[in-house]
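Chemist: Top line first, the protein sequences correspond to chains A and B. With my numbering applied, the first sequence corresponds to residues 1 to 817, in that order. With my numbering applied, the second sequence corresponds to residues 818 to 930, in that order.
If you're looking for bench data, these hints aren't it; they were derived computationally from the structure. Take the hints with a grain of salt, since some may be wrong.
[Said to hold, decoys possible] Heads up, simulated BS3-like pairs for lysine-lysine below, C-alpha to C-alpha not over 30 Å straight-line:
(1) K843/B with K383/A
(2) K843/B with K561/A
(3) K561/A with K674/A
(4) K121/A with K322/A
(5) K843/B with K610/A
(6) K506/A with K121/A
(7) K800/A with K843/B
(8) K843/B with K590/A
(9) K786/A with K664/A
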Amino acid sequence: MTKKKLVIVGNGMAPGRMLEHLFDKDKDAYDVTIFNAEPRVNYNRLMLSPVLSGEKTYEDIITHGDTWYAENGIRLHKSSRISEIDRTGKTVTSENGVTASYDKLVIATGSSPFIIPLPGKDLEGVLTYRDLDDVDRMLAAARGGGRAVVIGGGLLGLEAAAGLKQQGMDVTVLHLMPTLMERQLDPAAGFLLEEEFKSRGIDVLTRANSHEIVDDGTGKVKAIRLDDGTEIEASIVVMAVGIRPSADLARSAGLETNRGILVGDDMRTSDKDIFALGECVEHRGLCYGLVAPLYEMAEVIADNLLEGASEYTGSVTATKLKVTGVDLYSAGDFAEGEDREEIVLRDAAAGVYKRLVLKDNTIIGAVLYGETADGPWFFDLLKKETDVSEMRETLIFGQAYQGGAPLDPTVAVAALPDDAEICGCNGICKGKIVTAIKDKGLSDLDGVRAHTKASASCGTCTGLVEQLMQVTLGDAYNPAAVTPMCGCTHLGHDDVRRLIVSKELKSIPSVMQELEWTTSGGCAKCRPALNYYLVSDWPDEYADDYQSRFINERVHANIQKDGTYSVVPRMWGGMTSSDELRAIADVVDKFDIPAVKCTGGQRIDMLGVKKEDLPAVWEDLGKAGFVSGQAYAKGLRTVKTCVGSDWCRFGTQDSTGLGIKLEKFMWGSWTPAKLKLAVSGCPRNCSEATCKDIGIICVESGYEIHYAGAAGLEIQGTVVLGLVSSEEEVIEYVSALTQMYREQGRYLERIYKWAKRIGHDEIRSQIMDDADKRKAYFERFVFSQKFAQVDPWSERVSGKDKHEFNPMAVLQAEAAE
Amino acid sequence: MTADIHNWVQIGSLEDIPQEGARCVKNGDMTIAVFRTASDDVYALEDKCPHRNGPLSQGIVHDGCVTCPLHNWVISLETGTAQGADEGQTLAFPVRLEDGRVLIDLSYSHQAV
């Protein structure tokens with residue numbers, strides 16, 4: 001009954017995958033011990049770049065957490081580097097003195113970054129880019145600002161450069177070769193990539209040969225000097241010029257090695273009880289640094305550990321660059337040659353470049369830049385060596401353009417007679433639509449809707465109308481691809497919003513039924529969106545679906561990482577008083593609230609409140625006159641103000657008073673995403689109104705209304721909507737703008753994104769120039785406020801949803817015995 | 818082996834739990850989240866997401882799953898297993914409904930590590 005012992009040296013992605021395969025096949029075959037030189041569990045190394053750029057955190061990229069190891073009975077020794085393998089005694093020993101014996105051993109020591117032997121390579125501030133510790137070091141360096149010099153314009157170097165730039169550093173990339181990523185890209189794509197990086201403000205120097213890293217006199221990096229004498233100042237230098245298989249351990253154990261650890265097709269080393277896996281391996285003369293081959297190896301080893309006879313025969317690899325906003329895909333071999341043909345497609349305006357290299361009617365290489373959706377399809381044709389001569393003419397356009405299986409739906413529409421009815425609601429026939437498209441030069445769906453009314457009512461014929469446009473316009477028609485709201489529907493947000501209004505759908509179940517949702521009850525993505533659309537479109541009739549709201553909007557506080565909540569009372573316009581502050585202090589003491597903080601929106605945040613305490617906290621705050629600050633809402637959050645003409649010697653208007661008026665007018669309104677306002681008393685702009693969703697700048701002649709600023713994930717200044725002369729007008733115009741956004745925005749779409757989509761001219765013409773439209777928006781806003789301005793805290797103090805805050809049952813410890 | 822030992826404990830009635838919602842049951846140091854679906858099925862999970870221990874009872878209930886409020890992991894109400902690309906499992910307790918009363922089998926809590 002004793003299990004055989006499997007020991008794994010290294011805890012990267014490849015052994016993680018191997019164990020999954022092994023456990024799938026036979027959970028009980030082995031007693032598993034892992035030694036990891038890094039002090040942590042298994043994480044997805046491919047995702048280091050998003051961690052560096054700040055788009056993900058370490059927690060997000062964990063593949064197997066501690067519980068996985070526990071559940072599978074794996075002994076994981078963290079921070080334990082194996083220093084010795086005793087093949088005769090079949091044991092391994094770590095630097096920190098742990099010895100384990102094995103029946104089978106898997107060496108997965110990975111690779112280490114190649115360090116160019118430059119003078120100065122050991123200075124403080126010279127980093128590599130390989131594991132999470134490197135990322136932490138780079139992030140720490142980035143906080144100090146300055147310039148980062150990245151040596152190496154390959155995959156890793158470019159990802160590091162883009163990440164460091166996003167972290168706020170100035171960045172220079174030095175690359176020895178004439179074009180970037182020359183091993184994966186042809187020169188044309190390398191050029192496009194270089195232009196893209198330059199447009200992001202990253203300096204790129206090609207044909208740059210580093211000579212020396214310069215010491216600042218204290219053992220730290222100061223600059224880097226090139227062979228031609230150029231000196232570039234640098235606070236850090238990142239070397240990303242390649243990797244070297246880590247084969248030393250295997251070598252010292254007497255296993256056969258070359259560049260890497262030599263293995264046969266069965267992935268065994270020269271010792272039949274020892275396998276090698278991953279980047280440390282050399283198989284048929286090749287070492288791999290991409291993940292796909294490593295996973296293929298992992299599967300082979302898992303099978304062979306269970307006495308299987310699987311073989312690994314090498315991999316063809318494809319590359320994708322993980323830099324947000326750069327779409328790049330390459331696979332195979334794309335050098336030119338006499339026996340080779342190529343097919344190239346370029347679209348300068350769209351920044352698209354595609355090139356396929358063919359040999360004997362099969363694809364042997366593919367480079368895609370700017371549009372990579374067909375990459376996997378090309379790669380599949382390449383791997384299977386499919387004969388492509390039949391589709392050669394249309395191959396480059398991708399899978400969607402190929403004949404065969406998916407029939408062209410436009411053929412059927414083209415065959416319809418002119419008097420065939422397309423839009424039943426409005427009685428529009430095919431001939432009328434075709435004529436309108438031709439005569440009026442219409443090229444988009446909205447244009448056709450505006451001129452013919454076709455598909456403008458219920459919208460169910462939208463697909464037909466689009467096909468008709470395709471038939472009529474041919475290649476000139478480029479339908480904007482609609483991204484579905486979620487996996488429960490094929491409809492996009494805009495279509496759903498339009499249909500909710502036109503079909504008068506007033507509950508979530510009726511939306512799901514009428515719009516043919518593919519799931520029974522929706523999901524966590526579509527339900528909150530639908531709930532918002534219904535609240536926004538039918539303020540007086542729709543009954544808010546509490547269970548479709550995110551927890552914060554359900555309990556009117558912000559959930560924190562430990563499951564406690566934070567509480568932010570409203571302080572109108574950022575003003576407070578000694579009474580209010582005293583009440584807050586008393587609440588903090590009474591409920592033992594661990595942290596109190598000022599927010600960016602001029603409010604006080606009490607953090608770490610236990611959920612069951614929330615109603616009592618609100619009751620005490622309510623007695624002092626506080627209402628919910630809605631710091632949790634996709635709705636009006638705060639109106640930040642400066643002290644304005646009341647106190648400030650530069651103030652031109654009463655910015656504080658106006659801010660309070662705006663907040664009292666607009667509080668409680670739900671919007672597609674959070675809405676933050678500010679009012680500044682003069683163009684010095686102390687309340688930072690020009691990076692808010694909506695901002696007011698007071699000037700001598702009146703009030704300048706700004707909107708569509710952002711200072712979060714993206715940073716961008718506001719756009720001017722227009723100048724008005726009275727406070728009443730400010731309130732009318734701002735409310736109208738908000739209402740327009742409320743009616744058109746997609747759920748979770750901030751106002752600046754909505755504005756970019758709709759166009760500033762359109763918004764200005766509706767709000768500034770068209771008084772009737774503005775008044776109508778304003779009135780709809782005022783109407784919906786009648787139902788929205790209810791303080792959720794006092795409601796709950798008086799008993800609403802009280803089940804939410806109390807446990808259903810408290811069982812005695814004995815009861816569990 | 819605890820396979821044959823059951824410890825059914827009554828925790829309240831079906832009406833105590835909102836449809837497509839959850840309530841908490843305190844059991845010593847452990848919190849158990851008890852969910853009720855749109856079709857009135859009841860499930861019980863330890864109130865801890867396998868990812869970062871998020872309180873599953875606070876999530877949105879949909880299609881036999883709950884989405885954790887902290888990082889949007891989707892957990893099966895029946896098995897406690899993470900759905901999609903995520904991997905992990907939280908403790909699931911057997912539940913029985915008798916005349917609108919909800920009972921859960923706490924013998925399973927001994928299997929927690």
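Chemist: Each hint: holds or not?
Modeler: Okay, the hints, checked on the actual structure:
no.	hint	result
1	K843/B with K383/A	violated, 56 Å
2	K843/B with K561/A	holds, 20 Å
3	K561/A with K674/A	holds, 20 Å
4	K121/A with K322/A	holds, 27 Å
5	K843/B with K610/A	holds, 14 Å
6	K506/A with K121/A	violated, 67 Å
7	K800/A with K843/B	holds, 22 Å
8	K843/B with K590/A	holds, 24 Å
9	K786/A with K664/A	holds, 13 Å
The structure does not agree with the numbered hints 1 and 6 stated previously, though it agrees with the rest.
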